[in-house]
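Protein chains: 2
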Amino acid sequence: MYCRLWVHCLALYIISFSACILLYFEYKNIASMRLSHIIQSPTNYSHFAVLVRAIPQENGESISDAVQKFFMNYHASSYLSHQVVYRTGKVQRLMSNAEWVYKNLVRLKSTAISKTCVPITYRCGLCGGTSDSFQLYRNEFEPDEKKPCPNNSDSRTKAKECLAAFVFFKTRYAAVIGTQLLQSSNPMLWVTDLAPEPHDVYWSNLWIPYRQLWLRQITVLLASIVFMFLFLIPVTFVQGLTQLDKLQQMFPFLKAILAKTVMTQLVTGYLPSVILQLFFYMVPPTMMLFSAMEGWISRSGRKKSACFKVISFTIWNIFFVNVLSGSVISQLDAITTPKSIPILLAKAVPRQATFFITYVLTSGWVSLASEVLQLFALVYNAVSKYVFRVKDDPNSVPSFPYHTEVPKLLLFGLLGFTCSILAPLILPFLLFYFFFGYVVYRNQIINVYCSKYETQGQIWPIVHNTTVFSLILTQIIALGVFGTKKSPVTMSFTVPLLICTLLFNEYCRQRFSPIFSNFSAQDLIEKDRDDEKHGRMEEIHQMLHSIYSQFPADTINRDVHDANSRQTQQI
Amino acid sequence: MYCRLWVHCLALYIISFSACILLYFEYKNIASMRLSHIIQSPTNYSHFAVLVRAIPQENGESISDAVQKFFMNYHASSYLSHQVVYRTGKVQRLMSNAEWVYKNLVRLKSTAISKTCVPITYRCGLCGGTSDSFQLYRNEFEPDEKKPCPNNSDSRTKAKECLAAFVFFKTRYAAVIGTQLLQSSNPMLWVTDLAPEPHDVYWSNLWIPYRQLWLRQITVLLASIVFMFLFLIPVTFVQGLTQLDKLQQMFPFLKAILAKTVMTQLVTGYLPSVILQLFFYMVPPTMMLFSAMEGWISRSGRKKSACFKVISFTIWNIFFVNVLSGSVISQLDAITTPKSIPILLAKAVPRQATFFITYVLTSGWVSLASEVLQLFALVYNAVSKYVFRVKDDPNSVPSFPYHTEVPKLLLFGLLGFTCSILAPLILPFLLFYFFFGYVVYRNQIINVYCSKYETQGQIWPIVHNTTVFSLILTQIIALGVFGTKKSPVTMSFTVPLLICTLLFNEYCRQRFSPIFSNFSAQDLIEKDRDDEKHGRMEEIHQMLHSIYSQFPADTINRDVHDANSRQTQQI
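So the sequence lines, in the order shown, correspond to chains H and Z.
Okay, so the first sequence: first residue is 1 according to full-length UniProt numbering, each after it adds one.
Okay, so the second sequence: first residue is 1 according to full-length UniProt numbering, each after it adds one.
Possibly wrong hints are sitting among the right ones.
No copy labels: a pair is met if it fits in one copy or bridges any two.
As the list claims (entries may be wrong) - The list that follows gives simulated cross-link-like pairs (lysine-lysine, DSS-like), each with its CA atoms no further than 30 angstroms apart:
#1 K533 <-> K170
#2 K160 <-> K260
#3 K160 <-> K408
#4 K452 <-> K170
#5 K69 <-> K28
#6 K255 <-> K485
#7 K486 <-> K347
#8 K255 <-> K28
#9 K160 <-> K452
Keep in mind that the hints were calculated from the coordinates and are not lab data.
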């Protein structure tokens, strides 16, 4: 008996150490990839721009004047220009959207007729090599008139100035200085952040007064927690479906339908999981909505925040709710007595191992298959193409849904870690899942999704932290197991491992996480010098203004430019 | 019955709102005092200096060369000079200390003989006005030779270079930029912090390799927690003293002494509290030691950290241990079931109210009296003056012991808040304490202690946060009271109050706390311009090097300079 526990303890050590080593090298690798992307990428305009919010207005002065006065006064040597953010009304937004769509369609038609179809070859998902068997025809815009749209200034005068502006600096280093320092002695005024990439800007959130943001964040946090617990209501309702007798009593008309055994099996066997799955499909959009309400200035920030929320939700509602299965109240009881959690988990996890294996099979493998098939997109596309006769729109290619896919992967990681000691039968299934996941996601990222903006590895810290959380949870469960088996020696061997894992996480936080939230002076100065040496600075300064334009006429110009720059990148 | 609870609820609302309003205006007031100190104070040399740690050495290059190369490369326009920190051996430190003491004594003797006694008048503790009834004679150094000491370079060559250096910049703004930005793409290299004031530098901590710091911090955190719980051992031992019978059985020789009733009363009545008080005197030095081990670069940082530790210790060991009175295990049980805490506190606080009133009388009033008398300093001074014939040393005047006095005040604040609803009889005693406390501390700060360095209000955020904690604890206790009296309506009125207090705290954190951790670009640039306009910059640049010198010969020069600048301030 004791011998078996020692084997468990040894396995725990091996798993923890190999996980930590892999995590360390992966973090290091991704950090260096992020750095080399910053250094080697061609001109990234967002590094020159700073978003200033909470601009104070003095006696009727316009926002534009206030910004110019402040930055000319305090950052005269590095300040280049600025661009105020406008708040567009709903009607105007609709109009400008319509205008944009119309122009796009006209241009698409003309380009479709002409010969600008650029053949792009597919690349293999596994090795990244090119193959000639499939070809995708992508429509590209023709670089056309660069003159500003005549009704551009019109739309600006109609719109209302916001207390926010993009301020452009002459160098990357100056821009970063502008964001890192407290500008005014009142920290709620002249709040600066590094601007997101032009495509990444979440315009409507720039209109939110800065003073509201902290309240919004707290409200959304509370709302997410309430949502997490309210979700148990449909779960219990669905579990009620398995008790058909009561349902028939309540709705007599069902009796005729449910007379057949096939129907009964369908309703009791498949319907609950289908309904539950449908409810789960609701979660990522809801979390995206929550994150949008939080007031993120960039789409990537919103997606990152939603990703974190969905991870918390998934781990709570798939792992903990199933493990601690029972009513909401009994789960809350379990949480409020932290001492009993390890033993509770140690008892419950092996009991639920079969369910988790089934979950990997049904939800994991199926989700990979549906990811490859893109069933929804396929049907939507077919209907819009053959029924509504809509032409292909290159802008409709979605970006990778980090907020739905990353949580899935991390959940399976968590299941793997927590079951590895007590129910290792799940591991082959997971290995299979992760292998195919690698192939599928690699293919999807290379060939299917387009990246509209660059997050520069911002998602990785979330993945790292969640994996460390899984690891610690595994160790806590192991502690519970050794506790129930009354083996104090193995318990006392697990505690140092737990401490070491926490220390490892702290070390990684110190060593790597500043890289993901800041840019280093050294890199930026080197890059500035490089650009100056090659005479690229003038060109960048000229582009900045048009690239951060809020209005559709400018948007099209910007798109054109981006398409060009992307082409040059590919070359 | 219900009516009485409503009165309690109303009182809670009034107390909470008035506390929040007072806290807000006090935070605002102290923040503006801090800002005006930064703007209006004469040249603060520390604003020009940056402490750089974790300097990487490449192929045998000296630290000094590495620093110069790095800053000349990346901050050429604003870099002025630098000064490497040396690690002095123990023997050398002793020698230099002896040298310094000898020089001081010689100089003191000569100045005592000459006529440089400057009369400084006492100021009234209450109104700050001057009075002629007392006069303090303070010995001042004569400003003497400014030439560098000949053995200065000698001592430097003997000492070992550390991986740390003070880097001086041409302007305050450039120095702050140097501290706020990540310098290298490896966050564990070229770590920059704004330098502490010259007198505030904690030299021996600058020698600690930066890589150790995070481990030291975690170790100290754990050690402090263990110390907090280990302190219960003397407490229980002392409580054993009240059971004299057992003690007599163990040590038969005590029987003769304890035969008299006076002795018995003394041992059971006074001895336990005296021993406990003596143990408590041990706490602040221990916490100072812990904070020194954490690796703070400044004395003020060390004191601030010790202050926070002593507060946590005091609140735990005086308030919670007395309230939850019982063994360590039962207290831990209470903590691990958070749901039961409000009810537990609600039952226990009124029971302990008499003890707390006695505590205010014995510990609070007595500590004020002993603070005024300075009994220990008086005896020490008398002995050293009349027995050992040591001359007065102006350097022996201590600075204000924030880490012992602030926790005391905050503990009484906590007692006042938590008892205010259930046992308001404590309030007149506390009012008396705080009134006399104001007079006593004002007097002590003006007339007794000397301020060796300026923390610029850094302690206030701790005071604010602890007071908000007290307020929230009061509300939780009130929740417990309404819970035990089964009054759900008053309970549901207390919850919004709790949420509002938390929101208030969050608002203050957003609005004020950045002011206490950063300097704003606007203020620094204005101050730089002002200095440049008045032609003070040159003078400051020349002084910087000598002022941050680590070696005794320089130290004396520095002291001389400081004495001068203090005199000019007073004028």
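Evaluation of the provided hints:
Within a single copy, K533 and K170 get their C-alpha atoms as close as 14 angstroms, and across copies as close as 27 angstroms, so both meet the 30 angstroms cut-off. In the homo-oligomer, the alpha carbons of K160 and K260 never lie at most 30 angstroms apart, since the shortest distance is 64 angstroms inside one protomer and 90 angstroms across protomers. Taking identical chains as interchangeable, the C-alpha atoms of K160 and K408 are never at most 30 angstroms apart, the minima being 42 angstroms within one chain and 54 angstroms between chains. For the identical chains of this complex, K452 and K170 are intra-copy neighbours only, at 26 angstroms inside a copy versus 43 angstroms across copies, given an alpha-carbon limit of 30 angstroms.
Proximity of K69 to K28 under the C-alpha cut-off of 30 angstroms is restricted to the inter-copy arrangement: shortest distance 27 angstroms between copies versus 43 angstroms within a copy. When the C-alpha separation of K255 and K485 is checked against a cutoff of 30 angstroms, the pair qualifies neither within a copy, at 50 angstroms, nor between copies, at 51 angstroms. Proximity of K486 and K347 under a CA criterion of 30 angstroms is satisfied intra-copy only: 14 angstroms inside one chain copy versus 37 angstroms between copies. Taking identical chains as interchangeable, the C-alpha atoms of K255 and K28 are never at most 30 angstroms apart, the minima being 62 angstroms within one chain and 71 angstroms between chains.
For a Cα distance limit of 30 angstroms, the shortest separation of K160 from K452 inside one copy, 28 angstroms, qualifies, whereas the shortest one across copies, 54 angstroms, does not.
In the structure shown, a violation is registered for the earlier hints numbered 2, 3, 6, 8, in ascending order.
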